[in-house]
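Colleague: Sequence:
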Amino acid sequence: MTSVRVRFAPSPTGYLHVGGARTALFNWLYAKRTGGTFVLRIEDTDKERSTEAHTQVILDGLAWLGVTHDEGPYFQGQFYGRHRADAEGLLRADRAYRCFCTREELDQARTHAEKGNSSFRYDGRCGRLSRADVDARLAAGTPFSIRVRMPDEEIAWEDAVHDRISFQGRDLDDFIILRSDGTPIYNLAVVSDDIEMRITHVIRGDDHISNTPKQIALYRALGRTPPVFAHVPMILGSDGKKLSKRHGATAVGDYQDQGILPLAMRNFLALLGWSPGGDREILPEEEMIALFSLEGIQKKAAVFDLAKLEWMNGQYLSARPAAELEPAVRRHLGALGVDPGSRDLRPLIDAVKTRSRTLLDIANQVAVRLDRTRITRDPKGDQLVTKLGAAFTANLALVSAALTALPEAQWTPAALEAALKELAEREGKKLGDVMQPVRVALTGGTVSEPVNELLAVVGREDSLARIAAARS
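Add 24 to a position in the sequence shown, counting from 1, and you land on the number used in the numbering used here.
Hints are supplied without guarantee of correctness; some may be wrong.
[As the list claims (entries may be wrong)] In silico SDA-like pairs for lysine to any residue, Cα to Cα no more than 25 Å straight-line:
hint	residue 1	residue 2
1	K269	A359
2	K323	R379
3	K56	K323
4	K71	D231
[Claimed, not checked] Between beta-carbon pairs, the in silico distance windows are:
hint	residue 1	residue 2	range
5	A347	F99	16 to 26 Å
6	D70	M258	17 to 27 Å
7	R134	R155	21 to 31 Å
8	N235	S154	30 to 40 Å
9	D457	G483	45 to 55 Å
10	R370	K71	42 to 52 Å
11	R155	K269	49 to 59 Å
Derived from the structure by calculation, the hints contain no laboratory data. A virtual CB, placed ideally from N, CA and C, is assigned to each residue, including glycine.
Could you build all of it, start to finish, from the sequences and the hints given here?
Modeller: This is how it looks when you write it as structure tokens:
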């Protein structure tokens, strides 16, 4: 049995976007599931737009996701010699022909077709030139490209996602495979490389379906068997339109900067267009690999739900130990302009992570606990102050007196809880009327970890200072 070989072949003309990352992940999962090989190939044939910086961003994005390749990265531009050799072989076999049409001639034909309200198709005129005519043009040094002869037959395949898909060769152009400057067109380059790299399964976005009959025609012309094709549904925004910048971040690096964990991003992307069966949503890597199959890929487009991604990220944050999160939180604090110095952030992270959706959420909450100048009263905090009126400052005065009596050695969650409960009972007040003003004084909001734990992580001196400031 032939070992499975799949590939991810991004173009380094931009960042690693969500759709590309999902395609890479599906290929990686299938290789892991089948014990196959995952090949990374950088398709850098667009020399004007391809950059080393974009290549590095793609490599960094895959590394962050944990989508590691077994072979590569190969660079398509290194294989121009083989691409040309394949085109010339097709020429010798009369499976392709030289096209001497100029850009101006083709533009005129295209304009004529548009005026007649029809789509432009090359009419194959150069494929009907006599041998003598071709030789004369070659002798005169007339530039030419190379076009493949499309067969007048059905071109069909059993797609692993969409079932049988069929085209008629007569409905497709004799398309260019080699430009007049000797550089290959995408369809030739990708087929030549996939043959050379022994790719058995091509898993890619279904925007490539229109390329597939052309590529199958090239496989047949080259005397090779096409791979299994699996065309994955597109990713749409919440409005049902193609995912774009108007829906927010679309590049993987943007989500990394916003504090999404790679484990959560990978889990989320896996469920965009693939179902493991049942209602499972949080999938450990081992389970994801064990359950993945091409049959589980759905035909309909997937919807990118940012709220679900953040919910899923929150689940992962809650489950991770604070020590694992601390380095990333420190980086985000640095970006916020907060220097925690050598302070152990683990207690602060543990205090806030269960109410956080992103690492940036954690960093923002930790920042407030470290630096009182970052307190900003939110609308619910304002509502509480208005609701309690004079009782807000009066209750804070009582709290201040009770907590001032606690020495540093007793500034612990247990002792703080006991002191606040004793105060509420002594003064005949609801515990919430005592606790909530403290939350607002220390954070600006009405939601936090338990107040005794909040006081403990903020510290005695700073907590009393914050309460005093809120009373003024």
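Colleague: Measure nothing beyond the straight line between the CA atoms of K323 and R379; if it is 25 Å or shorter, mark the hint as holding.
Modeller: Answer violated: K323 to R379 is near 36 Å, above 25 Å.
Colleague: Can you tell me whether the CB distance of D457 to G483 sits inside 45 to 55 Å?
Modeller: Between D457 and G483, where Cβ atoms are some 24 Å apart, the hint is violated.
Colleague: With the threshold set at 25 Å, check whether the alpha-carbon distance from K71 to D231 stays at or below it.
Modeller: holds (23 Å)
Colleague: Lying within 16 to 26 Å: is that true of the beta-carbon distance A347 to F99?
Modeller: violated (39 Å)
Colleague: Is 21 to 31 Å a correct range for the gap between the Cβ atoms of R134 and R155?
Modeller: holds (29 Å)
Colleague: How does the Cβ-Cβ distance of N235 and S154 compare with 30 to 40 Å: does it lie in that range?
Modeller: Given about 32 Å between the Cβ atoms, the range holds.
Colleague: Take a quick look at whether K269 and A359 sit within 25 Å of each other, Cα to Cα.
Modeller: holds (23 Å)
Colleague: Kindly confirm whether 42 to 52 Å is satisfied by the beta carbon distance between R370 and K71.
Modeller: holds (49 Å)
Colleague: Are R155 and K269 spaced within 49 to 59 Å by their CB atoms?
Modeller: holds (53 Å)
Colleague: With respect to the beta-carbon atoms only, verify the hint that D70 and M258 lie 17 to 27 Å apart.
Modeller: Holds, since D70 and M258 (Cβ atoms, about 22 Å apart) stay within the stated range.
Colleague: Taking only the CA atoms, is the gap from K56 to K323 under or equal to 25 Å?
Modeller: Distance ~23 Å between K56 and K323 Cα, so the pair holds.
The structure does not agree with the numbered hints 2, 5 and 9 stated previously, though it agrees with the rest.
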